[in-house]
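Starting from the known structure of chain A, arrange chain B with the ligands on it as the hints suggest.
Chains as they are written, first to last, in numbering that gives the first Met the number 0: chain A, 0 to 252; chain B, 0 to 357.
If you are wondering where the hints come from, they were derived from the structure by calculation, not from laboratory data. Mixed in with the good hints there might be a few duds.
To be verified - Below, a list of computed lysine-lysine pairs in the DSS-like style, where the Cα atoms sit at most 27 Å apart: (1) A:K144 - A:K185; (2) B:K226 - A:K89; (3) A:K89 - B:K128; (4) B:K349 - A:K57; (5) A:K89 - A:K144; (6) B:K226 - B:K196; (7) B:K128 - B:K226; (8) A:K104 - B:K347; (9) B:K196 - B:K128; (10) A:K169 - B:K226; (11) A:K120 - B:K196; (12) A:K144 - A:K120; (13) A:K185 - A:K89; (14) A:K89 - B:K196; (15) B:K347 - B:K196; (16) A:K89 - B:K347; (17) A:K104 - B:K196; (18) A:K169 - A:K185; (19) A:K89 - A:K104; (20) A:K104 - B:K349; (21) A:K169 - A:K104; (22) A:K120 - A:K104; (23) B:K196 - A:K144; (24) B:K196 - B:K349; (25) A:K144 - A:K57; (26) A:K185 - B:K349; (27) A:K57 - A:K89; (28) B:K226 - A:K120; (29) A:K144 - A:K104.
Unchecked claim - Pairwise CB distance ranges (calculated): (30) B:E348 - A:P118: 30 to 40 Å; (31) A:F199 - B:S260: 29 to 39 Å; (32) B:V134 - A:E236: 52 to 62 Å; (33) B:P173 - A:E69: 50 to 60 Å.
Glycine included, every Cβ here is placed at the ideal spot set by N, Cα and C.
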Amino acid sequence: MILSVENVSLAFGGVRALQEVSFDVQEHEVRAIIGPNGAGKSSMLNVLNGVYHPQTGKIRFRGEEFTDMESHRAAAMGIARTFQNIALFKGMTVLDNIMTGRNLKMRCSFLHQALWLGPAKREELEHRRAVEEIIDFLEIQHIRKTPVGRLPYGLQKRVELGRALAAEPKLLLLDEPMAGMNLEEKQDMCRFILDVNEQFGTTIVLIEHDMGVVMDISNRVVVLDYGRKIADGTPEEVRNNQRVIDAYLGVAH
Amino acid sequence: MLYREAGQFKSSYAEDQQIFPIRQDRIAMGVLLAVAFVVLPLAGNEYWLSAILTPLLIFALAALGLNILTGYAGQLSLGTAAFMAVGAFMAYNFVLRMPWLGILPSFILAGLCAAAVGVVFGLPSLRIKGFYLAVATLACQFFVLWAIQRIGWFTNYSSSGVITAQQVVILGVPFDTPARKYLFTLTVVALMALAAKNLMRSETGRAFMAVRDMDVAASVIGIPMMKTKLLAFAISSFYCGVAGALHAFAYLGTVEPEAYSLELSFNILFMIVIGGAGSILGSFLGAAFITLFPIFLNLASDWLQNVTGIEIQHAVVSNLRVIIFGALIIFFLIVEPLGLARLWQITKEKLRLWPFPH
Ligand SMILES: Nc1ncnc2c1ncn2[C@@H]1O[C@H](COP(=O)(O)OP(=O)(O)OP(=O)(O)O)[C@@H](O)[C@H]1O
Ligand SMILES: [Mg+2]
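Okay, chain A solo, but in the shape it has when bound (with noise of 0.2 Å):
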């Protein structure tokens, strides 16, 4: 198990985003987080990497437990994401954008960087390389040099991606990343998550509204509404359980 979460709330003010969650995550698993509007999805995330801080519960991940979870130390713990609404770094190239993905590999001062010494060139290099091999199974090769904010939607989701994979992450939280995408480009998205989850053992937990995604890539999914877990297993299980049934048809608690 490399993630697991016991009896997490959060509430905003009188919002009760979080009630008692607990669920885990098994190594090198695609786990979703499913449920309605405002059931609490985006929330789980924040408070997984430390976005948020939940007023009760505990989180362990790789063996350490938290009751709260710093951002920057969720990052250097090999927790990644991206983010619902696109988080990109609008001013800066795709190369850019997934060269700050490994600023926590990078160890050479900024006085390196300023003489440009052997060190801080050999540095740059080295990620180069392998932020281009990211970009090679990305596909994205012909807008490396593209400044994010002129790209279409769907690319920058891509990028976004680029940027979390960069980290060379354990656990890669992503939300919603096939949101407003077309067919063409929810397939891309589909391919690229499982090969990450396959060829570098990435444990995956996704945020999916899309429930024919759920279904083909997860191993087993959350659902969640109003705070609440309602239920968990595999798609098969949870697509035939009652109370995700009433929870999506909408029926009054």
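For chain B with the ligands alone, kept in the frame of chain A given last:
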């Protein structure tokens, strides 16, 4: 057809990571440096060297400093002149009190003092942004000038509050003529611009831009917010501090604290607005534009007078200058926030495709 990268294939990432990957750009830069280092000192007259080119370079360095902070790291500052003042007066004091240090170490120490002041006044940036941060740096502007005017030590207790910068002597060579002062300034500015370029194309520069563009995402990928912001303040203020020292030692000579007023801070801010925020080249273009434009306007009005015979009053010309600057600043803020540097880049992109536009 002349400006092409066709046929210049890059066989390694190292080649692609050069500052000027396109051969024509490298040649142009070489020519520019040769003109600046050889032709101008030999051919330029004293007035041009001492009253125009030297201050142009110094302001370009200050603009570069501000650009690192505001253009790259996204932290608005109105304290540029204050950091320059720290550099100027501390360099004077280091040379005065520790003459054995030598001029260059004194400049570096003066820059470090400015960096320290920058870090202190950069602390609010950890909590506030944009307009509020600008107000906090405004406090720095007033506080520093007040301290220099009030605390006698800074001006060596001179009764008028004015200091006379010592002569620049390096390894026994005095930099006393306009051409030598210009060369000294040019060397310092060129080296620091190169260092800035290196820094901005490495991890530090990317961290600055990441914080500027989207701070939540930056911290989620592990970029430390506090360290990055304070480093931006430190490096920026160091550049402004050295610019201030040059301003005192290679340009003004006799310096009063009032030279580093808020007006100077604004002027330098306008340089990066017009030249281009987040661009090394833009800092130079902006400084050149703001320094040279009034001269151009005077020449143009003289010429107009000769041709038409109508006398144009000086006041009209200087008013015209203010109006045109104002209009340009608004134009750039609204139409092209990336300034002249961006216009230059667009021209180059067009040129690369010319004569086939698609
Ligand atoms: N920063 C915040 N401040 C206040 N309330 C918040 C904040 N973030 C989320 N919430 C609230 O918490 C609840 C859960 O939001 P969350 O974004 O986690 O839902 P979600 O499941 O991701 O929904 P969607 O499918 O629309 O993305 C919502 O009621 C939302 O309004
Ligand atoms: Mg969401």
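Hints, verified against the model:
1. A:K144 - A:K185: 24 Å, holds
2. B:K226 - A:K89: Given pair K226 (chain B), K89 (chain A) holds - Cα atoms ~22 Å apart, limit 27 Å.
3. A:K89 - B:K128: 18 Å, holds
4. B:K349 - A:K57: 57 Å, violated
5. A:K89 - A:K144: Status holds; Cα separation ~13 Å.
6. B:K226 - B:K196: 20 Å, holds
7. B:K128 - B:K226: Holds, because 16 Å separates the two Cα atoms, which is no more than 27 Å.
8. A:K104 - B:K347: 35 Å, violated
9. B:K196 - B:K128: At roughly 26 Å apart (the allowed maximum being 27 Å), K128 (chain B) and K196 (chain B) satisfy the hint.
10. A:K169 - B:K226: 26 Å, holds
11. A:K120 - B:K196: 13 Å, holds
12. A:K144 - A:K120: Roughly 20 Å separates the two Cα atoms, so the pair holds.
13. A:K185 - A:K89: Holds: K185 (chain A) and K89 (chain A) sit about 23 Å apart, inside 27 Å.
14. A:K89 - B:K196: Within the cut-off at roughly 20 Å; holds.
15. B:K347 - B:K196: With a Cα-Cα distance of about 20 Å, the restraint between K347 (chain B) and K196 (chain B) holds, given a limit of 27 Å.
16. A:K89 - B:K347: Distance ~22 Å between K89 (chain A) and K347 (chain B) Cα, so the pair holds.
17. A:K104 - B:K196: Holds - the C-alpha atoms of K196 (chain B) and K104 (chain A) are around 22 Å apart, at most 27 Å.
18. A:K169 - A:K185: 23 Å, holds
19. A:K89 - A:K104: 23 Å, holds
20. A:K104 - B:K349: 38 Å, violated
21. A:K169 - A:K104: 14 Å, holds
22. A:K120 - A:K104: Judged against 27 Å, a Cα distance of about 14 Å means the pair holds.
23. B:K196 - A:K144: 18 Å, holds
24. B:K196 - B:K349: Roughly 24 Å separates the two Cα atoms, so the pair holds.
25. A:K144 - A:K57: 42 Å, violated
26. A:K185 - B:K349: 35 Å, violated
27. A:K57 - A:K89: 35 Å, violated
28. B:K226 - A:K120: Given that 27 Å is the threshold and the Cα spacing comes to 22 Å, the pair holds.
29. A:K144 - A:K104: 22 Å, holds
30. B:E348 - A:P118: 30 to 40 Å: This hint holds: roughly 34 Å between Cβ atoms.
31. A:F199 - B:S260: 29 to 39 Å: 57 Å, violated
32. B:V134 - A:E236: 52 to 62 Å: Once the Cβ atoms are compared, 58 Å apart, the range 52 to 62 Å for E236 (chain A) and V134 (chain B) holds.
33. B:P173 - A:E69: 50 to 60 Å: 56 Å, holds
Consistency with the previously given hints fails for numbers 4, 8, 20, 25, 26, 27, 31, ordered from lowest to highest.
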